[in-house]
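Enquirer: Chain by chain, the residues run as shown.
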Amino acid sequence: MLYYEGLFILFMSKIFYPLICLICSIIPLQLHAAMTGGDFEIYADVFSTIEEHVVSGGDYDLYGTSGEFGTEMPSGGDYVLRAGFQAMERESLSLTLDKNAIDLGALTSDAISSDTLTCTVTTDAISGYNITISEDTDLQTGTGLEIDDVIDGEVTAGSEEYGIKTAGTAGQYNAADTAILSTTKIIAQQVGAVSSQDTGVIFRAAADAAATEAGNYSHTVTFTATINL
Amino acid sequence: MKHLSPLYQLSLGLLCVLACFFYPQDTQALSITPARQTAIVDASGATIVPLFITNNTTKSIVVLPTVEAFTIEDTTQTILWNKTDPAISWVTTPVKKSQLDPGESIQVNFTVTIPSSTPPGAHYLGLFAQEFSYDGQVAVNSRVASLFFLHVAGPVYETVQLEEINTPHISFTKNTQLNIRLNNIGNMHVFPTIDIKQRSLGSKQELVFEETHIPFLAKTQKNSIYTIPLTWKDIGKNTLALDIEYGATNKHITRNISLWYLPIPFISVFIIIFISILLFFIKKTRSS
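Heads up: the sequence lines are chains D and R, in that order.
First residue of the first sequence? That's 1309 in my numbering, and the numbers climb one at a time after it.
First residue of the second sequence? That's 51 in my numbering, and the numbers climb one at a time after it.
In short, the hints are calculated from the structure, not lab data.
Not one of these hints is a red herring.
Have a look at the derived ranges for each label pair, beta carbon to beta carbon:
no., chain 1, residue 1, chain 2, residue 2, range
1, D, Ala1419, R, Ser253, 56 to 64 Å
2, D, Ser1504, R, Ile264, 21 to 29 Å
3, D, Thr1528, R, Ser253, 54 to 62 Å
4, R, Thr134, D, Ala1517, 40 to 48 Å
5, D, Arg1398, R, Pro152, 18 to 26 Å
6, D, Thr1528, R, Ser110, 15 to 23 Å
7, R, Thr125, D, Thr1416, 34 to 42 Å
Just so you know, even glycine gets a beta-carbon here, dropped at the ideal spot from N, CA and C.
The following block holds chain D by itself, in its conformation from the complex (with noise of 0.2 Å):
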């Protein structure tokens, strides 16, 4: 009985919600301090977070030696970066592929040939990530001769088409056939931490009975994984 009666004091006294309140306040700035402490606890693009945090407008210096910053006169410029600096996030990222090579066949003017193949990403980055892809150069043979990249977004049979489609989530043609080109080209992208998370690649090309000739088509294409920006 007592026990409550303490209780019932304690609520109802003056200090009791001050006193919630200065520890509530008191947990973000110790968060606050753990995140500027080290060399690699500082946020590496730090100039936004001192754009938001330290600077009030105007012109000023800022330099920064072993994951400290700060502000000096102005000697230039809008400000001056001093060197030292060197921050980096401790944010990693993991990228599987469950294939070396895709392995599409004989291709033939009666069917789509495909195969796929699944890429899986683990990352703790905030902003997420991206994977792209590019080619060295477009599927052909040792003469020369190609398959035409698909450009009507959709790879049919009996015409000469090759291409991809993805699969997930985190897929960017899921809908509709793309083009593999020389430059990068994102077809996955997520935002925010990711555990395991699949993303399948369809390979899909077909032949035209008239316009492609025989021959052994082959070339190499790069998946790059990228946290965003």
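Following the hints, put chain R in place on chain D, whose structure we already have.
Expert: For chain R alone, coordinates are given in the frame of chain D:
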């Protein structure tokens, strides 16, 4: 050959099926950390940037550390690799091809050496761990990049130019598009915030578009399309006051642009009224 009992055959078949799940497949798997890093280095100075690479597969793999520069596509805002940048040659590593056993990790140190006459500014690089591909009809390479923001120390100039701003002089639809092209001619990336104040005789509204997650890289252009929602209260002349704020120094670009909002139903009613008045006067003229 000794006859196998049905139970034994069933067990053997089940074992074969289960073995398929445990058979090590031909896979590529790389992990890197950190996924993003920044360094500020003096001209003629040097620093070391580490990259930790782990083989997550159940077999040995060969990894090659490489460096590439990137930019951001001006319209889609997607990352584009294989950009030319002199900074690529500033980053070297003594590590060439490394064989990693299953579960093994290595630390690859990239040495960044800035030439003496290098002007201050930002360079955007990727430090890659690349796994070699195998031969095949479509050989597959995989690589994982650590984004590396390299800044050559010195004065920072934040200068964004408004290259182009346009919207239809007369808008017939309720969602009018405003096209803006910006050019970052400074030597540092910035995070612009676009504030558009729309005002007409009948209403006014403020639209704020923040793009804080994608940096507007130095020496790049950016095309953006913003949708201005208009209502029947905005019929007639509208003024769009554009305020772009950017940079650590909170710089502003301001510009005013006007447009007429004339929705199709309004024009139809106007034409009907005009024709009616015209007919009225014609009739009146004839009768007189």
